[in-house]
Structures are given as structure tokens and as C-alpha cells.
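Participant: Residues per chain, in single letters:
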Amino acid sequence: MSKRKAYYASKIKRAIHLLFYRRHIKPGVKGWELRKALGSDYPKVLKILDDYLKALDLQVKTVFEEEKQVEKPTLEQLDKARFYITLRGELTPKEAKMIGWRIDDLAGLAIAIAYIISKKGKSPRKEVEELLRDKLPGWKVGLNIDRYIRYGYLTQDENEQLYLDWRTRAEVDQKALIELLLSK
Amino acid sequence: MQSKRGRVKIGREKLQRIIEMCRSVEERSLDPFLINFEELISTVREYFPEWKLPEDLCLDAETIHRLASLIKLQSEWVKHRSTSLYTDPFLLEEKLTRIGKEEILETFLNAWHPIVELEQISLHSLAESLRYWESLLPLKERWKGFPLAEVETGPATREELIRQRILRDKAFSEELENFWQELKNQVKEKGENVKIRYWDFVGAESYEETVQRAFMTSFLVTYGYATLEIHPLEEEIFIKSYEKPTTKIGKEQLVSIPIAVSAEDWMKWKKGELK
Numbered sequence: 001m002s003k004r005k006a007y008y009a010s011k012i013k014r015a016i017h018l019l020f021y022r023r024h025i026k027p028g029v030k031g032w033e034l035r036k037a038l039g040s041d042y043p044k045v046l047k048i049l050d051d052y053l054k055a056l057d058l059q060v061k062t063v064f065e066e067e068k069q070v071e072k073p074t075l076e077q078l079d080k081a082r083f084y085i086t087l088r089g090e091l092t093p094k095e096a097k098m099i100g101w102r103i104d105d106l107a108g109l110a111i112a113i114a115y116i117i118s119k120k121g122k123s124p125r126k127e128v129e130e131l132l133r134d135k136l137p138g139w140k141v142g143l144n145i146d147r148y149i150r151y152g153y154l155t156q157d158e159n160e161q162l163y164l165d166w167r168t169r170a171e172v173d174q175k176a177l178i179e180l181l182l183s184k
Numbered sequence: 001m002q003s004k005r006g007r008v009k010i011g012r013e014k015l016q017r018i019i020e021m022c023r024s025v026e027e028r029s030l031d032p033f034l035i036n037f038e039e040l041i042s043t044v045r046e047y048f049p050e051w052k053l054p055e056d057l058c059l060d061a062e063t064i065h066r067l068a069s070l071i072k073l074q075s076e077w078v079k080h081r082s083t084s085l086y087t088d089p090f091l092l093e094e095k096l097t098r099i100g101k102e103e104i105l106e107t108f109l110n111a112w113h114p115i116v117e118l119e120q121i122s123l124h125s126l127a128e129s130l131r132y133w134e135s136l137l138p139l140k141e142r143w144k145g146f147p148l149a150e151v152e153t154g155p156a157t158r159e160e161l162i163r164q165r166i167l168r169d170k171a172f173s174e175e176l177e178n179f180w181q182e183l184k185n186q187v188k189e190k191g192e193n194v195k196i197r198y199w200d201f202v203g204a205e206s207y208e209e210t211v212q213r214a215f216m217t218s219f220l221v222t223y224g225y226a227t228l229e230i231h232p233l234e235e236e237i238f239i240k241s242y243e244k245p246t247t248k249i250g251k252e253q254l255v256s257i258p259i260a261v262s263a264e265d266w267m268k269w270k271k272g273e274l275k
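Top to bottom, those sequences are chains S and L. Residue numbers for the first sequence follow the numbering used here, beginning at 1 and rising by one. Residue numbers for the second sequence follow the numbering used here, beginning at 1 and rising by one.
Simulated from the structure, these hints should not be mistaken for laboratory data. Treat the hints with care, since some could be wrong.
Taking lysine-lysine pairs in the PhoX-like style, the calculated list, with each CA pair at most 20 Å apart, reads [said to hold, decoys possible]: (1) 122/S - 72/L; (2) 120/S - 79/L; (3) 184/S - 135/S; (4) 79/L - 175/S; (5) 101/L - 184/S; (6) 101/L - 97/S; (7) 44/S - 13/S; (8) 72/S - 47/S; (9) 44/S - 5/S; (10) 13/S - 47/S; (11) 44/S - 80/S; (12) 101/L - 94/S; (13) 72/L - 120/S; (14) 140/S - 126/S; (15) 140/S - 101/L.
Just chain S, same shape as in the assembly:
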């Protein structure tokens, strides 16, 4: 193995350890943490890792602080961004059940996220509850929203307004979700 290859192989191993194992309350690693552990060329290490993960149907997902995808991020933006390993492809409904989600609950999450996106990222909790009550039993609606909040998909302010939270930004392709829903 050439010296250069060995260098990147060891960096990739280190990156895998950092990204796969949860080190903080929230999963994922901040860019500056990766820079500290892998060196200033960590974006290149992540690129190689991402290519490698393709075969395993996984990817390195970057979530920028600005909440929007950045085309050509600066080093500063990367340092502030959070990096995760996510599934590259899609799960089947059967697989979704296997990872601990009931179909009802996942559909409720999809509705809540889509509705909040259509309301410019902010919606009163009551409106979301009303929408969910159409297809979920009333007693379950509040519990489900609390669960989405607990998992980090949604967040709520003191005025009972719901917003999208960090997990939605990391896991959900919002544009694709809206386009797919509208094409139904």
C-alpha cells in the first residue's frame, strides 16, 4: 500500500469511529471536531469515505448551520456544520417497522413535517393536531407530536408553535417529500 493510501485509510478509520458512535447527546460530529481529529484535509477524507459508503447504501450527510444546502461551502461553514452517516437509499415499509416505527406513527410524522414545510417552517401545534386527528385516534395525536419532539424531528416554542428540528434537517429530503406528495 502506498504511503498516501495508508494515510487516508487510517484517517477514514478514525472518521468512521467518530461518525458512527455517538459521542454527545445528539448524534453526529461538528466540522471543527473532525478537523481536530483528522486534520485540515478532513473534507477530502469525508469525500473518500462517502464514496466508500456508496456500496453499503450509506452516505455522509452534511447539515449546515444556515439550514439550507450550500453549494460550495467555505471552510468556516464546514467547521460549523454537523456531519452524520445516513441511509443513502430508501427503506421499505417492512424495514421501517423493523427499526421500531409503527406505520401510523411514521405517516403522522410525514404529515406533520410536510404541513410545517408548507407553512414556511412554522405552524401552530393545534393546526397540526387537527390534521393528524383526521387519520389517527384523538388520544394518540398529542402523544405522537410529543414523541416527534422528543426524537428531534420537531420542536415547539412557548407559544405552541411547531418548527422542524435538527433530525428532520439531517434525515428528510424536504424538497423530494413535497414534490412526491404533490405528484400523488
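For chain S, the structure is supplied; the task is to place chain L on it using the hints.
Facilitator: Frame of chain S; chain L shown alone:
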């Protein structure tokens, strides 16, 4: 014709209504273009000459602030509509209620890429934990109390309590009366116009004693044995002694006067730099 007061009252109500309207648009994420901005701003302009009181001017400023926020919302609204993420909420709501749960789920699964993470113990962390466990002392050793020296119990004498400053050798009222007498004597000897400078009275050989005297002086003033005369421009404080104790409680508004008796001030007084 409407009276001036009536017009002011109506104007205030109108501004309050505008503020409420803007707030509800902001909080409920309503379409900011539903509001007739021209009409609202002309109302604000119409009543502006009526405002004379600061409260009314504040109300006017808040209305303008709310309207400015509304314009900001309009601009964000336009920006959002021009992005690919824009969807008419009604259209989407209609879609969401029409399609079945399974279909929604299928759609969501196409856009959902859950985070992959592992929680697993490693050989290294197991070895670390074992090392820690080995070096950890048993609870009975860690929680062993400090040995307490055995002390025989017995009655304490009055002298011992005075020495430990739990009891005073004189009753407080007696001590205060004596201190008042001292003030009267000092006023006679060193004072002028039945008063003496504060620092000339409280100042003593040691700082501790000075603080003690300042403490007692505060009671002399509070209980009506003496009063303070303050000349703020000259930065001078005098103590005036009364011939008989007077009570001011309930007769007039009592005020607290904080006087700092710091070690620096005491040093200055000793050097004669502080009067």
C-alpha cells in the same frame, strides 16, 4: 363634531387594533398580503398629529414597528413562494387528507434517510472499566467518617459565653444608653452647634472598634437618640444628639442612609485626610 379627547381615544383604539392584527398575522403564519397596508399606514398618519403624551407616541412607534415587521414578512413570503419548496398549504392539506396512510408512508420513505449510529461496548472501554473498578475503594472505606474527638459535656459559665461572644456583658439597651451619653459628652467637648462630625465620633484606634461604633451609632439614629445631618455638596455628615429620645415611627417617612465604613476610609481618617 367629534371632541379632541374622543378623537384621541378612537385613535388609540385603532392603533391597538392594528398592532393586534399584525401580531396575529405573525403568530398564526397567515398570508401577510391579506392586510391592506396602505389603509393601515394612512390611519397611523391621520392620528399622528393628535399624539402629545409619551405613551401615545410609544403606541405610535410600536404600530410602525409592527407594520415594518409585516413588510418583512411580506418579503419573506415572496421569497418562499419563489423557492422550489413552496407549496400552497391548502393544496397540500387537501392532498394529505385525500391520500391514504400507506401512500403517505411510502412517499415519506422515499425522502427519509435515517441516521445510522451504533451503541456498542468496545474491548478497550471494557478494559478501562475493569482498571477503574480495580482501583475503586469499597464503599465502607470511602464513606468512612472522620474520627470525632470526644468532648465531655458540661455547663458553660457566663464568662465563657461572653468570651466566645455569644453573650454580651451588658444588656444591649444599657450599652446603647451609655453610648448615647458618650455622644452627648463628645458633642459638648468637641462638637459645635450641638453636633459632631460622623467620623470624629465613630472613628477609633482600631478598624474593628470603628465598625462596632458605626453599628451602635446606626441604632442611636434608628431608635431616636440622635439624628444625622447630611450636607451632600460638602460631603459632610454630622451626628446631632437629642436631649430626650424621640420616636418618628408612624409620624413621618423613615429613610435608610447607607454610610460606608471601609478600611480605606478609616485609614484616611487616621491620617487626618477624612473629615
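Participant: Each hint: holds or not?
Facilitator: Structure-based check of each hint:
| no. | hint | result |
| --- | --- | --- |
| 1 | 122/S - 72/L | holds, 16 Å |
| 2 | 120/S - 79/L | holds, 10 Å |
| 3 | 184/S - 135/S | holds, 18 Å |
| 4 | 79/L - 175/S | holds, 16 Å |
| 5 | 101/L - 184/S | holds, 13 Å |
| 6 | 101/L - 97/S | holds, 14 Å |
| 7 | 44/S - 13/S | holds, 14 Å |
| 8 | 72/S - 47/S | holds, 14 Å |
| 9 | 44/S - 5/S | holds, 13 Å |
| 10 | 13/S - 47/S | holds, 13 Å |
| 11 | 44/S - 80/S | holds, 17 Å |
| 12 | 101/L - 94/S | holds, 14 Å |
| 13 | 72/L - 120/S | holds, 14 Å |
| 14 | 140/S - 126/S | holds, 14 Å |
| 15 | 140/S - 101/L | holds, 15 Å |
In summary, the structure agrees with every hint in the numbered list given earlier.
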